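Given chain W's structure and the hints, the job is docking chain A onto it.
Top to bottom, those sequences are chains W and A. Position 259 of the first sequence, counting from 1, maps to 259 under this note's numbering, and the rest follow consecutively. Position in the second sequence (first residue = 1) + 335 = this note's numbering.
Just so you know, the hints here were simulated from the structure itself, not pulled from any lab data. In this text the structure is predicted, and so the values were computed from the model without any measurement. Ideal Cβ placement from N, Cα and C applies to all residues, glycine included. There could be a bad hint or two in this list.
Computed Cβ-Cβ distance ranges for the label pairs, DEER-style [stated by the list, open to error]:
#	chain 1	residue 1	chain 2	residue 2	range
1	A	Arg458	W	Cys302	17 to 23 Å
2	A	His497	W	Leu189	48 to 54 Å
3	W	Leu138	A	Arg431	41 to 47 Å
Only some residues are given here: those of chain A computed to face chain W with a beta carbon under 10 Å [stated by the list, open to error]:
#	residue
4	Arg381
5	Tyr403
6	Arg423
7	Arg428
8	Gly429
9	Arg431
10	Val432
11	Ser455
12	Leu456
13	Ile459
14	Ala477
Computed list of chain A residues with no C-beta within reach of chain W, every gap over 10 Å [said to hold, decoys possible]:
#	residue
15	Ala351
16	Ile352
17	Pro354
18	Pro362
19	Gly363
20	Ile394
21	Glu489
22	Ala500
23	Ala557
For reference, the chains in residue letters:
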Amino acid sequence: MVDTTSFWASWDLFRDAALAGTFAGAMLGLLGVYVLIRRMVFLSAALSQAASLGVAAAFWAQVQGAPAWLATPTLGALGGTLLATGLAGIPDRTSRRDGLLGAIYLVGAAGTLAIGTKIVQELQDIESLLFGSGVAVLPEDFRIIAWLALTLGLVQLWLHRGLLHVSLDRDGARIQRLPVRFLDFVLVLSLATAVSVSTRLLGALPVFAFMVLPALAALDLAQNPAQALLLSALFGAAAGLGGYWLAFSASLPVGAAQTLVAATLVAVLRVARLLFEWLQSSLAHRRHDALAHQAHEHGPECGHEAVAHGDHLDYLVDGHLHHPHDGHCDDHGRQ
Amino acid sequence: MLLQIRELQVGYQSRAILPPLTLQVEPGQLWAVTGPNGAGKSTFLRTILGLQQQVAGGIERGTSAIGYVPQRSEVDPAVPQRVIDLVRMGVERGWRVLDPLAARRNPAIQAAMRDADVTSLARIQWRRLSEGQKQRALLAQALAGEPALLVLDEPTSAMDMHAEASVFAVLERLRAERQLGVLVISHHLALLARYATHFVLLDKDERLALVGDRETVLRDPAFIERYGQVLDRGGRHG
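So that you can see chain W by itself, here it is in the shape it has in the complex:
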């Protein structure tokens, strides 16, 4: 049974954790747009698993007596992510790059589980890492993720045009002498830090979900890539916070709840968009029937875009192809 009132009544108890999820959702959602545009979804999965392995290795090192200041989970996550990023960037002519990413993912997941069994007293932490079942966030960790989200947001405000250009049209960016390597470096560094810090706090599953699902919904709705960045950040934040609400209200693991909320957002927004398009199409069709040809005749000077369609010429009106012939006009559907 979902209990909404108790969630807000208990807000003070887990405010930091819920806000950390919100910040992580926003920054990973935003970066997820680049992940989808560049078709590197598998890279984000591999990085989040590598970060998990890094955190697990840090716990193990602490148990083995390593200095606490050195074997911190955050440093472990960062080390794992950077190592994976370096490995993924090695040119390999003998195998496909996605095969290498698959290997990183598998080693990350298996290594985390294997180390987890060796440090029984930390097993709860290992499960949190893999599935995002943790609900507590230390104040210093909260400060780190808040500052990181703010910093990455500002970097995006400043560099998003260049980052999008390099992601959408690499050849064009090189010909126009954009600083492609610098922009690549900024993006990889953003991904590495966001993934490592978020994985340390939330776990691999929601981190991967935040990098894929909000961007999927945003690219579905947005008019252009810049708008997609903003929408994706908002959807990610909503999934981060909404996931905590669902986890609390329905007694679910946080990571699973965040992933489910994000997936629901994708589904609901997809259906809403299809409905909107259907309505828009119906209205345009009616408007066309009622008005289009009372005082209008299509022709070279009529003001509508002429579009070649099969063996004849149509005119583009509100996204519909109009075909005037024999004293009337047919709607040949959407372009």
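Using the frame of chain W, we list chain A on its own:
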């Protein structure tokens, strides 16, 4: 000088596919690059643009902006993008991309959209455009950067004859008015013979690379053997 090529050899993995090429593109010249399919034309173009490593020889691109219209755009139809967004990207140049307001200030965007006849398509999504409209949008994107040299790889391959002729007329106008240098790959010999000032005929299989001004190339026996007497079909425009 907009582009200087000396003894350039293009190819793959250190193996040249064409004989060495030497040419110099000056402002106001329109260079036509032609030849059969698979002749090495796109490889030649990608090499001079710096997208592909040359096997040997030198390329000097000068300091002026270069605009490029690819044969097929890399624009992913799954990514939402309107024509105006695509054209705005053409304004970016070098480190100026780090100026958050630069692209929206530039009046060249509207001029480029008028020249390429895509003003009425500004708010239309890329994925909804016909192939011919996409090529015009890509032309607008290249023109938005106010290039001194425009490089086009079969820019009219998806257009009907009327649209094709209008694109060449725009290129001719920009060449005459702005002294724009143009390097264009095309198979449309009637239009090339009308508008080009210089020709490059390439044929990888025959190891042929014929370079020179319009009359020299069109009267060359190697050209006539392949395409006949193009010069007799009509004089150069303008």
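Ascending list of hint numbers which this structure does not respect: Those not satisfied: there are none.
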